[in-house]
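Line by line, the protein sequences are chains Z and U. The numbering of the first sequence is the working numbering, which starts it at 366 and goes up by one. The numbering of the second sequence is the working numbering, which starts it at 56 and goes up by one.
Just so you know, the hints here were simulated from the structure itself, not pulled from any lab data. Please note: incorrect hints may appear among the correct ones.
Chain U is faced by these chain Z residues, among others (derived, beta-carbon under 10 Å) [to be verified]:
no., residue
1, S529
2, D531
3, N534
4, S536
5, T538
6, L539
7, T541
8, K542
9, V550
10, C628
Distance condition first, Cα-Cα at most 20 Å in a straight line; then the derived SDA-like pairs of lysine to any residue [what the hints assert, rightly or not]:
no., chain 1, residue 1, chain 2, residue 2
11, Z, K542, U, L149
12, U, K191, Z, A527
13, Z, K542, U, R128
14, U, K191, Z, P553
15, Z, K542, U, G113
16, U, K162, Z, N544
17, U, K162, Z, A546
18, Z, K445, Z, I606
19, U, K274, U, E309
20, U, K191, Z, L532
21, Z, K542, U, K162
Here the structure is a predicted model, which means the values were calculated and not measured. Using N, Cα and C, we set each Cβ at its ideal position, and we do this for glycine too.
Given next are the chains, with one letter for each unit.
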Amino acid sequence: MATKRTLLQSFTTPFGEIPSAAALVAACIVWALVLGVWAIASYGGYVADMFLPVPDAVIRRGISLASDGTLFVHIWSSVKVVILGFLLSAVIAVPLGLYMGTYKIVQAALEPLVNFIRYLPVTSLVPLFILWIGIGIGQRVTVIFFGVFFSQLIMIADEAHAVSRDLVNASYTLGTKRNEAIWHVIFPAALPNIINTLRVTMGWAWTYLVVAELVAANSGLGFISLKAMRGFQVDTIFLAIMLIGLLGLISDMAFRLLRRWLCPWAA
Amino acid sequence: MSMKGSLSIQDVTLTYGKGEKRVLALDGISFEVKPNEFTVIVGPSGCGKSSLLYIAAGLIDATSGSILTSGKRVVEPGGDRGMVFQSYTLFPWLTVRQNVEYGPRRKGMPAPERNKLVDRYLNEVGLTAFADHYPKQLSGGMMQRVAIARALANDPDILLMDEPFGALDSQTRHTMQKLLLRVWEHSHKTVAFVTHDIDEAILLGDRVIVMTARPGKLKADIRIDIPRPRNPDVELEPDFIALKRRILNELRDEIDEDH
Ligand SMILES: Nc1ncnc2c1ncn2[C@@H]1O[C@H](COP(=O)(O)OP(=O)(O)O)[C@@H](O)[C@H]1O
Ligand SMILES: [Mg+2]
Chain Z
366 MATKRTLLQS FTTPFGEIPS AAALVAACIV WALVLGVWAI ASYGGYVADM
416 FLPVPDAVIR RGISLASDGT LFVHIWSSVK VVILGFLLSA VIAVPLGLYM
466 GTYKIVQAAL EPLVNFIRYL PVTSLVPLFI LWIGIGIGQR VTVIFFGVFF
516 SQLIMIADEA HAVSRDLVNA SYTLGTKRNE AIWHVIFPAA LPNIINTLRV
566 TMGWAWTYLV VAELVAANSG LGFISLKAMR GFQVDTIFLA IMLIGLLGLI
616 SDMAFRLLRR WLCPWAA
Chain U
56 MSMKGSLSIQ DVTLTYGKGE KRVLALDGIS FEVKPNEFTV IVGPSGCGKS
106 SLLYIAAGLI DATSGSILTS GKRVVEPGGD RGMVFQSYTL FPWLTVRQNV
156 EYGPRRKGMP APERNKLVDR YLNEVGLTAF ADHYPKQLSG GMMQRVAIAR
206 ALANDPDILL MDEPFGALDS QTRHTMQKLL LRVWEHSHKT VAFVTHDIDE
256 AILLGDRVIV MTARPGKLKA DIRIDIPRPR NPDVELEPDF IALKRRILNE
306 LRDEIDEDH
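Make the full structure from the sequences, and use the hints.
Listed below in structure tokens is the structure:
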């Protein structure tokens with residue numbers, strides 16, 4: 366009985382550690398609940414299958430789309446858009462954010478504009494993108510970029526700005542020059558948090574996928590989902606949603622691994 | 056050159072802020088530190104001790120007056136003035152060994168020579184076994200030992216220490232004082248050491264500078280003639296206690312005026 370009581374105590378202690386088995390069980394229970402509610406609602410006929418597919422219909426749809434390879438074409442098409450949009454954003458936001466967080470003058474110059482743009486709804490810009498860029502992959506990548514870049518930039522600037530002044534001061538007293546501090550000290554010091562920012566904003570890239578594929582795509586998970594809506598194929602919509610979630614989860618884990626690999630010291 | 060390692064504080068004034076928020080932190084303080092001298096600076100909290108060291112390090116600028124180190128006017132930070140801070144400032148992404156070799160590596164010292172140097176300083180601060188640990192895996196006392204080794208390995212002319220043991224428990228503090236005495240007796244660097252612990256000041260210093268309450272000025276300059284090598288046992292001897300009384304009296308005036 367004693368162990369049970371301590372387990373309960375550890376669950377109810379703020380920031381308390383819990384056994385990893387307990388974490389796994391808790392996660393499984395929540396998943397089982399969600400899937401269970403879905404199964405009961407659909408198999409039980411509480412919700413019409415026009416609106417809510419039965420789970421095995423989703424699986425069968427997945428298998429049939431996978432067997433002729435079209436599923437992978439759509440997945441790859443979406444992954445390509447997300448990765449390109451995200452990389453384009455990160456490649457600019459990381460160095461620029463570092464400069465923004467480090468040098469007041471860069472921050473003063475950019476922040477007002479960036480903050481203005483970052484509150485514009487991306488959807489409101491889509492007509493403009495189509496007019497300017499057309500309806501190719503460039504348009505979709507641009508939507509992802511706009512969904513991610515401006516907030517990513519501000520978040521990375523904040524991380525650079527939060528680096529301890531005395532860490533930079535200490536490097537000066539060891540001979541580091543002022544113009545070297547940004548790459549020799551501020552960047553490595555902020556790196557774990559920068560990777561965290563990338564991980565979080567990668568999630569946003571996935572959430573903008575459907576917006577990106579809304580207008581003019583002819584492949585992709587958002588595209589098949591929209592097409593399925595017109596044909597009332599709710600099982601395909603479910604399949605696309607689940608795959609986007611799954612891919613998001615995988616990219617999240619990839620960034621966690623990247624952080625552990627690049628910054629073992631911050632574990 | 057005989058100037059190497061000297062520190063000359065010349066009529067230094069410092070104000071923080073502007074307008075209503077203006078604070079006069081240092082008000083025309085002057086004193087000289089000879090090469091190889093261990094000078095300890097004490098004074099009421101907020102009197103500008105840290106500010107003075109930061110100016111000497113070139114990390115902030117004096118409002119007027121100047122500081123000369125090794126005869127050269129301080130205009131910017133440089134590796135010739137090493138500093139150990141009260142807060143922990145090891146580079147967290149580098150191991151203990153990499154932290155200590157940061158300065159020599161920057162200067163382009165060849166690896167074999169560098170490794171020997173780092174080994175020597177790690178041994179001196181008793182952390183050879185922790186060479187490949189990251190700062191996060193160390194205790195506060197160990198981190199400050201690495202910080203001292205890191206500063207010394209860069210071979211500065213002057214070592215500035217701003218309450219380096221202030222955050223440590225008294226047990227660890229005593230160990231660190233002994234270690235610093237030993238290390239200093241080997242290197243005989245010029246040291247400017249800030250503390251608010253009077254026992255520590257007398258135990259370590261050739262000389263104790265007492266500052267007034269803010270705005271900081273020179274209040275007293277007391278020579279500590281206790282023979283070296285010293286160890287913490289001297290704290291019980293009459294000479295030590297007499298010095299302590301003297302410094303306490305100087306300080307008490309300042310602290311009473313504060314209230
Ligand atoms: N960045 C700052 N801005 C405004 N005032 C400051 C700043 N840094 C220190 N001060 C003020 O200057 C005085 C001296 O500070 P400091 O040098 O840290 O004193 P000490 O190290 O002797 O405690 C204090 O009254 C402190 O409040
Ligand atoms: Mg201080």
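Tested hints:
1. Below 10 Å, beta-carbon pairs count as interface contacts, and S529 of chain Z has one with chain U at about 7 Å; its hint therefore holds.
2. The beta carbon of D531 of chain Z is positioned within 10 Å of a beta carbon in chain U (closest approach about 5 Å), and the interface hint is therefore held.
3. A least Cβ separation of about 5 Å between N534 of chain Z and chain U falls short of the 10 Å threshold, and the interface hint therefore holds.
4. Evaluation of the S536 of chain Z hint against chain U yields a held restraint, the C-beta minimum of about 8 Å falling below 10 Å.
5. Restraint check, T538 of chain Z versus chain U: the minimum CB separation of about 4 Å is within 10 Å; hint holds.
6. About 4 Å separates the beta-carbon of L539 of chain Z from the nearest beta-carbon of chain U, less than 10 Å, and the hint is met.
7. Interface restraint check: T541 of chain Z against chain U, minimum CB-CB distance 7 Å, threshold 10 Å, status holds.
8. The interface hint given for K542 of chain Z holds, since its Cβ lies 9 Å from the closest Cβ of chain U, which is under the 10 Å cut-off.
9. Satisfaction of the interface hint for V550 of chain Z is found here, the shortest Cβ-Cβ separation to chain U being roughly 7 Å, below the 10 Å cut-off.
10. A least Cβ separation of about 7 Å between C628 of chain Z and chain U falls short of the 10 Å threshold, and the interface hint therefore holds.
11. Among the hinted pairs, K542 of chain Z with L149 of chain U is consistent with the structure: their alpha-carbon atoms are about 19 Å apart, no more than 20 Å.
12. A threshold of 20 Å between alpha carbons decides the hint, and for K191 of chain U with A527 of chain Z the separation of about 18 Å falls inside it, so the pair holds.
13. At roughly 18 Å between alpha-carbon atoms, K542 of chain Z and R128 of chain U fall within 20 Å of each other, so this suggested pair holds.
14. For the suggested pair K191 of chain U and P553 of chain Z, the alpha carbons sit about 15 Å apart, so the restraint of at most 20 Å is met.
15. Among the hinted pairs, K542 of chain Z with G113 of chain U is consistent with the structure: their alpha-carbon atoms are about 12 Å apart, no more than 20 Å.
16. The straight-line distance between the Cα atoms of K162 of chain U and N544 of chain Z is roughly 16 Å, inside the 20 Å bound, and the hint therefore holds.
17. Under the criterion of a C-alpha separation no larger than 20 Å, the hint pairing K162 of chain U with A546 of chain Z is consistent with the structure, at around 15 Å.
18. Restraint check for K445 of chain Z and I606 of chain Z: the C-alpha separation of about 17 Å stays at or below 20 Å, so the hint holds.
19. For the proposed pair K274 of chain U and E309 of chain U, the alpha carbon gap of about 9 Å is at most 20 Å, so the pair holds.
20. As the CA atoms of K191 of chain U and L532 of chain Z are separated by approximately 14 Å, the hinted pair is consistent with the 20 Å bound.
21. At roughly 12 Å between alpha-carbon atoms, K542 of chain Z and K162 of chain U fall within 20 Å of each other, so this suggested pair holds.
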